[in-house]
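Those protein sequences? They're chains A and B, same order as listed. Numbering-wise (my numbering), the first sequence opens with residue 1 and increments by one. Numbering-wise (my numbering), the second sequence opens with residue 1 and increments by one.
Please keep in mind that the hints were generated in silico from the structure rather than gathered at the bench. Just to be clear, a hint being listed does not mean it is correct.
One side of the interface only, derived from the structure: several residues of chain A facing chain B at Cβ under 10 Å [what the hints assert, rightly or not]:
1. 131
2. 203
3. 206
4. 291
Taking lysine-lysine and the DSS-like style, the derived pairs with C-alpha atoms no more than 30 Å apart in a straight line are [to be verified]:
5. B/168 to B/129
6. B/111 to A/346
7. A/346 to B/218
Heads up, the beta-carbon is just placed ideally off N, CA and C, and yes, glycines get one too.
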Amino acid sequence: MATALLTNEVLRRYLDLDRRPDALSIAMMAFGGIAAAIGFAWVFHDLWRWGHAAFNTSSDVAWGAPIAFYLFFLLSSSGLSVLASADSVFGMNVFHPIAKRCVFLAIVTLVAGFSILALEIGHPFRMLWALPVGMQWHSPMWWMGVFYSLDLLLLIVKFWRMHIGDWHSRFMHLVSIASFVVCILAPGTLGLVFGMMAMRPAWYSPVMPMYFILSGFMSALAFITFFTAFEPRASTPPRLRALHESVLPRLFFLALLAVAGMRFGQILTSLWSNYEGMEAHWHVLGSDAFRFELLLGLVLPILLLSTNGLRRNALVRFAAASLAMVGIFLARLNLLIVGQVVPLFKGYWADYVDYWPSTTEWMLIPAGFGIFCFAYGAGHWLLRLGDDPGPDPALAASPR
Amino acid sequence: MTRWGMVIDLEKCTGCQACTTACQMENSRLPNENWQDVLFYNEGTYPSGKLTWLPRPCMHCEKPSCMAVCPTGATYKTADGVVLVDWDRCIGCKYCMIACPYGVRFYAEEKQKSRPDIREVFPDPEGEKVWSPPWRMPDHLQNNKIGVGIQPKNVVSKCTFCYHRISKAPPGTKDLDPSDPTLREFTPACVVTCAPGARYFGDLDDPTSEVRRLIAEKRGTRLLDHTGNRPQVYYLAGEQPAIPETRTVRRSRDGEA
Ligand code: SF4
Numbered sequence: 001m002a003t004a005l006l007t008n009e010v011l012r013r014y015l016d017l018d019r020r021p022d023a024l025s026i027a028m029m030a031f032g033g034i035a036a037a038i039g040f041a042w043v044f045h046d047l048w049r050w051g052h053a054a055f056n057t058s059s060d061v062a063w064g065a066p067i068a069f070y071l072f073f074l075l076s077s078s079g080l081s082v083l084a085s086a087d088s089v090f091g092m093n094v095f096h097p098i099a100k101r102c103v104f105l106a107i108v109t110l111v112a113g114f115s116i117l118a119l120e121i122g123h124p125f126r127m128l129w130a131l132p133v134g135m136q137w138h139s140p141m142w143w144m145g146v147f148y149s150l151d152l153l154l155l156i157v158k159f160w161r162m163h164i165g166d167w168h169s170r171f172m173h174l175v176s177i178a179s180f181v182v183c184i185l186a187p188g189t190l191g192l193v194f195g196m197m198a199m200r201p202a203w204y205s206p207v208m209p210m211y212f213i214l215s216g217f218m219s220a221l222a223f224i225t226f227f228t229a230f231e232p233r234a235s236t237p238p239r240l241r242a243l244h245e246s247v248l249p250r251l252f253f254l255a256l257l258a259v260a261g262m263r264f265g266q267i268l269t270s271l272w273s274n275y276e277g278m279e280a281h282w283h284v285l286g287s288d289a290f291r292f293e294l295l296l297g298l299v300l301p302i303l304l305l306s307t308n309g310l311r312r313n314a315l316v317r318f319a320a321a322s323l324a325m326v327g328i329f330l331a332r333l334n335l336l337i338v339g340q341v342v343p344l345f346k347g348y349w350a351d352y353v354d355y356w357p358s359t360t361e362w363m364l365i366p367a368g369f370g371i372f373c374f375a376y377g378a379g380h381w382l383l384r385l386g387d388d389p390g391p392d393p394a395l396a397a398s399p400r
Numbered sequence: 001m002t003r004w005g006m007v008i009d010l011e012k013c014t015g016c017q018a019c020t021t022a023c024q025m026e027n028s029r030l031p032n033e034n035w036q037d038v039l040f041y042n043e044g045t046y047p048s049g050k051l052t053w054l055p056r057p058c059m060h061c062e063k064p065s066c067m068a069v070c071p072t073g074a075t076y077k078t079a080d081g082v083v084l085v086d087w088d089r090c091i092g093c094k095y096c097m098i099a100c101p102y103g104v105r106f107y108a109e110e111k112q113k114s115r116p117d118i119r120e121v122f123p124d125p126e127g128e129k130v131w132s133p134p135w136r137m138p139d140h141l142q143n144n145k146i147g148v149g150i151q152p153k154n155v156v157s158k159c160t161f162c163y164h165r166i167s168k169a170p171p172g173t174k175d176l177d178p179s180d181p182t183l184r185e186f187t188p189a190c191v192v193t194c195a196p197g198a199r200y201f202g203d204l205d206d207p208t209s210e211v212r213r214l215i216a217e218k219r220g221t222r223l224l225d226h227t228g229n230r231p232q233v234y235y236l237a238g239e240q241p242a243i244p245e246t247r248t249v250r251r252s253r254d255g256e257a
């Protein structure tokens with residue numbers, strides 16, 4: 001009884017349990033709950049019935065859609081973390097009002113990504129001891145595990161400090177710096193997981209870590225724009241209005257341009273090259289997913305955000321963010337396919353590998369997004385994600 | 001210390017695939033899961049077209065990229081030069097399958113290309129292994145630590161150079177010659193079964209071994225040497241121009257059928 005009371009009191013201290021959830025929270029929790037329940041039930045049933053043979057992955061395409069979904073969430077999380085650091089590390093206090101929301105979104109996307117990985121990997125529980133015990137420092141995947149675990153830990157600490165109102169202490173500043181460094185190292189290492197593979201020429205590139213960091217930042221901007229597109233109202237203070245209608249969309253526009261530039265270079269090099277394995281790009285050129293990624297996921301959002309007038313329109317911002325999110329999602333899938341569609345060393349009688357995700361694999365989308373939406377809805381209701389204590393008084397007083 | 005390696009004489013190989021079958025029987029592999037495969041290549045067009053083939057086991061590289069990427073240490077190299085998978089440590093992340101340039105690693109949890117699905121015909125009563133074949137090696141040889149025997153679910157498998165055989169060879173053996181009755185049971189199954197005797201197995205570190213002599217005198221070649229993996233399987237191409245071109249998928253835009 002006493003424990004229950006104590007728990008209740010602690011919960012009430014940190015969660016706004018007395019507040020009534022708004023329509024957005026209810027909608028997201030309901031949608032997320034239902035989607036996650038359906039997604040997980042479906043995937044668990046299929047895995048129980050057929051094991052991982054329920055996926056369309058094979059010995060030729062070892063990494064399929066689940067890894068693409070995992071990349072989508074993890075890289076977005078790192079980008080959100082960078083965005084949250086703009087204020088706490090670099091003192092760009094224009095980003096203050098979205099910092100807490102970004103940290104929360106980063107945690108939630110990371111959790112969604114890890115959940116998908118747990119369903120993809122052969123032995124998720126064995127992983128928990130085999131990775132730390134193995135100490136395989138020469139494996140990029142091992143480092144990826146190290147950095148993403150640290151990332152999650154630091155994000156949780158950072159969020160907790162923000163939540164209890166400690167935005168500007170020295171400890172918080174140190175945590176923010178550590179979190180920023182790790183959220184660059186983590187997607188960079190994930191880029192190395194692919195970019196170091198010389199035997200997969202379509203992936204092999206020293207630029208891959210940069211592409212992962214940058215495209216993660218772009219998808220983070222898509223995420224935050226998606227969730228805050230309709231936030232500014234008539235009563236919104238001008239500083240906040242400017243953030244949503246000018247600063248964020250401009251940054252989003254620039255990030256889209258940078259990703260488009262890198263992608264263009266990547267594709268052109270691959271189409272031009274006669275190196276074995278690069279023909280994969282000619283092969284995927286005709287696929288709908290590839291066209292969507294480039295035309296609807298990059299070019300159209302760039303056009304939509306290209307003028308001040310358009311950027312001020314909430315509906316346009318929302319449309320650009322939605323398209324970019326689907327586009328980057330498909331970009332991850334296309335990346336996976338392009339590196340594996342040419343089978344390694346199988347003789348002339350082998351052709352391009354046929355791969356398209358199975359229903360079980362697609363059902364990981366409602367599972368992952370369900371977790372994400374439910375947690376975000378709950379956070380929106382209980383955790384005051386819009387907290388904005390204003391700029392650091394110490395910095396405001398200094399003459400910089 | 002012994003460093004086991006294989007030499008395959010392409011002038012003797014008839015492409016009969018007996019090695020593939022012997023390996024499957026010895027190691028209880030599923031259909032299509034050919035630890036030892038024979039790849040076919042057709043080159044040129046009429047009237048000068050020709051068909052060539054290339055037997056392809058795991059290369060047991062000196063510097064295996066599959067081992068370098070393995071985040072758990074499940075893939076390792078033995079002191080006598082063989083690359084193995086510890087099935088009790090593998091987490092099924094499949095990174096090694098991505099990193100092997102020779103495509104010689106397998107994950108049994110995939111849709112079977114042939115029907116009926118043999119895993120459903122002979123399921124493992126305990127549900128821990130991929131299947132329970134009626135024909136199998138004696139149970140005492142099952143050894144998850146070296147990836148030998150019936151495979152547990154959700155782990156990666158590969159050719160072991162029949163480690164359960166070669167590791168029992170008398171110390172100091174420099175060549176495992178299947179025509180020597182005293183060494184036959186220690187020789188890899190594919191080498192034993194090869195009717196034209198195209199396969200040789202021995203110690204690459206012993207300058208007097210038969211495999212070393214063949215590599216030196218008949219210009220032993222390694223596949224995809226530019227990857228730096230340094231395979232321990234050598235091919236003798238003899239009078240052929242070279243081992244077949246490695247490109248897998250031919251480009252229709254180049255006008256190749
Ligand atoms: S699948 Fe197993 S052997 Fe391969 S890299 Fe992962 S843990 Fe290592």
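Going through the hints against the structure:
no.: 1; hint: 131; result: 6 Å, holds
no.: 2; hint: 203; result: 9 Å, holds
no.: 3; hint: 206; result: 17 Å, violated
no.: 4; hint: 291; result: 19 Å, violated
no.: 5; hint: B/168 to B/129; result: 26 Å, holds
no.: 6; hint: B/111 to A/346; result: 18 Å, holds
no.: 7; hint: A/346 to B/218; result: 26 Å, holds
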